[in-house]
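Just so you know, the protein sequences line up as chains A and B, in that order.
Residue numbering for the first sequence follows this note's numbering, beginning at 353 and increasing consecutively.
Residue numbering for the second sequence follows this note's numbering, beginning at 667 and increasing consecutively.
Because the hints were derived from the structure by calculation, they are not lab data.
Predicted, not measured: the structure shown is a model, and the values here were computed from it.
Virtual Cβ for every residue (Gly too), placed ideally from N, Cα, C.
Some hints could be false.
[To be verified] Keeping only pairs whose Cα atoms sit at most 27 Å apart, straight-line, the calculated BS3-like set for lysine-lysine is: (1) A:K652 - A:K426; (2) A:K541 - A:K717; (3) A:K593 - A:K513; (4) A:K685 - B:K827; (5) A:K467 - A:K426; (6) A:K515 - A:K620; (7) B:K827 - A:K717; (8) B:K843 - A:K390; (9) A:K536 - A:K667; (10) A:K426 - B:K843; (11) A:K388 - B:K827; (12) A:K620 - B:K843; (13) A:K669 - A:K717; (14) A:K667 - A:K750; (15) A:K411 - A:K717; (16) A:K388 - A:K467; (17) B:K843 - A:K685; (18) A:K515 - A:K536; (19) B:K843 - A:K411; (20) A:K593 - B:K843; (21) A:K387 - A:K426; (22) A:K620 - A:K669.
[As the list claims (entries may be wrong)] Covered stretches of chain B, as calculated for chain A (at least 3 residues, CB under 8 Å): (23) 723-730; (24) 830-843; (25) 874-886; (26) 914-922; (27) 971-984.
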Amino acid sequence: MISTLLKTATAALLLGAACLGAIQPAEAGAPKDGKKYKIYLSLSYSGNAWQSEAANIVKALAATPPYNDLVELKEVISGADPQAQISAYESMIDAGADGIVSFPISATALNRTIKRGCEQGVLFFMYDATVTESCAYNVSYLSSGFGENSAQALVNALGGKGKIFLSRGVPGNSVDQRHTDGAKHIFAKYPGIEVVAEYYSFWDDRTTQQETAKALAAHPDVQGIWAQAGEYGAIQALLDKGGNLVPVTGENSNGFRLALADPAMQAKGLTGVSAGSPPAQSGYAFKLMMEILTGKRELKPTNIEYPLPWVPADKVKLCSGDTFENGCNVFPKERVPSSFVTEVLNPVLLPELNIESALNGTPVKGATIQPLPAEVIKAANEPGINCSRCEAAKDQYKLTKIAPTVN
Amino acid sequence: MTVMNENPIAQAGFQQSADTRRSARVSAETVSTLAVAALCVVLLVGARFISPSLGSWSQVETVLVLGSFLVVLSFGQGLVILTGGLDLSLPAVATLSGILATNWVGASDPGAWCLLPVVLLACGCVGFLSAAGIVWLKVPPFIMTLAMSIIVSSLLLGYTKGTPRGAAPDAAVALMKGHLLGLPAPVLFLVGFVLLGWLFQSRSVYGRYLYAIGTNVEAARIAGAPVTAMRILPYVISALSAGFAGLMLVGYSSGATLRMGDSYLLPSIAAVVIGGSSILGGRGTFLGTVGGAILLTTLGTIISAIGLEFGLRTIIEGAIVLVALLLLREELFQKLGSLWR
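Chain A with its partners taken away, still in its complex shape (with noise of 0.2 Å):
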């Protein structure tokens, strides 16, 4: 009885789910008269740099025209708990949300919750952090291989040898863990490579100060520091202790990059790369939904690359404007915090914006929205990153920004 019941009442939902599948797409070629897209913008986490620009360009983009007339965007912060995150999930789903942008906190517990999205027609577009599920949209830099680029960067800053430490991310994280191994990968080919100390920094540049500190203080003799999110930490750290700096190798932080070219903290021995993940990528997935939903794209769900940003020490270049302009790359300390993270802004895929809409959420006057370039980039299988039941490639790990020089 039960068992019957449970059928019918599974296959009434598949039918119901089949028809509003089928409609959408119907729907989805025009803007309805007098009604909005409705998109949801789901943050699992809030109150870091990073995390409050990505949002801020999806509003500001949300609010360029024509997208001010054809979107209601709505934010949701869910905290850091997955919990929180699928339920947020449910209730867009069962408002009638035409897509959700998203940063989501897990690779797999928020699945099941996405397919039932799927089935009623929901675009599900993840930024940065991504889904096994394979009805949802990635768009990611995280197989674009951060981790094996810039150990090799270190590594050819080195020749070959030193002491380094490893400053990682959050424990137990799948974007960590993919990051290290690929670092790991390239450091293991080289012998005189010796990792001295490896902590984690939580992404926070007030941590990696004070992890660099203890691990300064048990090794003052380091040669080179590779880290994630937070290396202008690293910088200070060495600051703190006087005397000399090192290669250091990390993330996108204004920081970071102003220290990078400075020229007397390279005199004092600083050189390295800026690298790792884009704010911007919230950006480029909200602009390729946008297309998919008004009928401008055709695009199965897939992962999608971000390309890797990648500044060596002697590529960066000062901006005067609020933009990237002629391939500047960083702004003057007294227009953003220390800790803004300057790959924000893409001349390419997000020409409509400014480092005021990063840090504000506004739209800049009179930018209306671009078309992005036709291709996208296929991001390759990283198994229980982007994929489950999938194999890494056999060249997972190869390099694409650097060559060693060293052997």
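Go by the hints and put chain B onto chain A.
The following block gives chain B in isolation, referenced to the frame of chain A:
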């Protein structure tokens, strides 16, 4: 004032003299404070076996600078715990002062000397509101300070829109990065702060009132202590010291972040308890708490130098804290203290 936490019969068999419980207590507190300090030294010297660079003066400097935040925070926490309360709003208040200082004051602002006290005043107000809820509305301290913490950090999230701007005030940077007489300024500051804190808690009449209230509120009231004022005071001082720690953190890392205080909440309580205070109030010294804070920081430095897996590291840290607590229990030192007489 006598304390009835000992078994008089066992005591009678142990000691000849009539009533030396008071002196035994003082001596036990001194012994436990010394024991914590000794443990720090042993750890620092023993650390040489892990890495030859450890145990050097440079490591001591690192420990003292990194530990200074915890010492300042746990001074306030210690006073609150002394009166039988608990302050969970420390991280939020530290963040409040950090963000206000970078937003309102910023680098090289000549108005810093007027504005920084205003920032601290704002922190003090948060402490006063917590205390008001606890004393007059009879909300349990745990709930009241948690609620204040959530309110303050949410306000800050809204105020900064997620990205704290501005730079660290010069005064804060000078405090954390300067040198005086060949010593780092934070170390000298720490010495002064510990001295003042000790004078307040153990040598001033206000400090004695707090002990009295923590032991028995009603008895303190009958004895004529200004109970209401003295129950409010610790929360205000706690918020002020959290605010000051926030300024120190801003000076140290040259900027504010929205969760800059978060990692200090549990260590601030642990430092107080390891230092020999009773979590139920009425017992403990500030010098013990300072030892506890330095011990925890030393431990952190050494454990991060061992280079173990993160999970294993936290297990070891937890185990050592537990062992320290068990070993440093007051009864043990009472026995040791009375053996010496």
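To see whether the hints hold, each was checked on the structure:
1. The straight-line distance between the Cα atoms of K652 (chain A) and K426 (chain A) is roughly 25 Å, inside the 27 Å bound, and the hint therefore holds.
2. For the hint pairing K541 (chain A) with K717 (chain A), the CA-to-CA distance comes to about 51 Å; that exceeds 27 Å, so the pair is violated.
3. Proposed proximity of K593 (chain A) and K513 (chain A) is supported: the alpha carbons are some 23 Å apart, at most 27 Å.
4. Straight-line distance between C-alpha atoms of K685 (chain A) and K827 (chain B) comes to about 19 Å, which keeps the hinted pair within the 27 Å bound.
5. At most 27 Å may separate the alpha-carbon atoms for a hinted pair to count; K467 (chain A) and K426 (chain A) meet this at roughly 21 Å.
6. Between the alpha carbons of K515 (chain A) and K620 (chain A) the distance comes to roughly 18 Å, so the proposed pair stays at or under 27 Å and holds.
7. Annotation: proposed proximity of K827 (chain B) to K717 (chain A) holds, straight-line Cα distance about 21 Å (limit 27 Å).
8. A hinted pair counts as satisfied when its Cα atoms are at most 27 Å apart, and K843 (chain B) with K390 (chain A) does not qualify at roughly 51 Å.
9. For the hint pairing K536 (chain A) with K667 (chain A), the CA-to-CA distance comes to about 26 Å; that is within 27 Å, so the pair holds.
10. Pair hint K426 (chain A) plus K843 (chain B) does not hold up; C-alpha atoms about 44 Å apart against a cutoff of 27 Å.
11. With a CA separation close to 26 Å, the supplied pair K388 (chain A) and K827 (chain B) stays within the 27 Å bound.
12. Under the criterion of a C-alpha separation no larger than 27 Å, the hint pairing K620 (chain A) with K843 (chain B) is consistent with the structure, at around 19 Å.
13. Taken as a hint, the K669 (chain A) and K717 (chain A) pair is honoured in the structure, with Cα atoms around 25 Å apart against an allowance of 27 Å.
14. Proposed proximity of K667 (chain A) and K750 (chain A) is supported: the alpha carbons are some 23 Å apart, at most 27 Å.
15. Restraint check: the Cα-Cα separation between K411 (chain A) and K717 (chain A) comes to about 14 Å, which is no more than 27 Å; the hinted pair holds.
16. Restraint check: the Cα-Cα separation between K388 (chain A) and K467 (chain A) comes to about 24 Å, which is no more than 27 Å; the hinted pair holds.
17. Between the alpha carbons of K843 (chain B) and K685 (chain A) the distance comes to roughly 20 Å, so the proposed pair stays at or under 27 Å and holds.
18. A threshold of 27 Å between alpha carbons decides the hint, and for K515 (chain A) with K536 (chain A) the separation of about 14 Å falls inside it, so the pair holds.
19. A distance of roughly 39 Å separates the Cα atoms of K843 (chain B) and K411 (chain A); the hinted pair therefore is violated under the 27 Å criterion.
20. This hinted pair checks out: K593 (chain A) and K843 (chain B) have alpha carbons roughly 10 Å apart, not beyond 27 Å.
21. Restraint check for K387 (chain A) and K426 (chain A): satisfied, since their Cα atoms lie roughly 15 Å apart, inside the 27 Å limit.
22. Taking the CA atoms of K620 (chain A) and K669 (chain A), the gap is near 20 Å; set against the 27 Å cutoff, the hint holds.
23. Here the segment 723-730 of chain B counts 4 residues with a CB under 8 Å from a CB of chain A, which clears the bar of 3, and the coverage holds.
24. Residue count for the segment 830-843 of chain B with a Cβ under 8 Å from a Cβ of chain A: 5. That meets the three needed, and the coverage hint holds.
25. For the segment 874-886 of chain B, the stated coverage by chain A is not satisfied: 0 residues place a CB nearer than 8 Å to a CB of that chain, which falls below the threshold of 3.
26. Counting residues of the segment 914-922 of chain B whose beta carbon lies closer than 8 Å to any beta carbon of chain A gives 5, which reaches the threshold of three, so the coverage claim holds.
27. With a threshold of 8 Å between beta carbons, the proposed coverage of the segment 971-984 of chain B by chain A holds, since 4 of its residues qualify and at least three are required.
In this structure, the earlier hints numbered 2, 8, 10, 19, 25 are contradicted, and the remaining ones agree with it.
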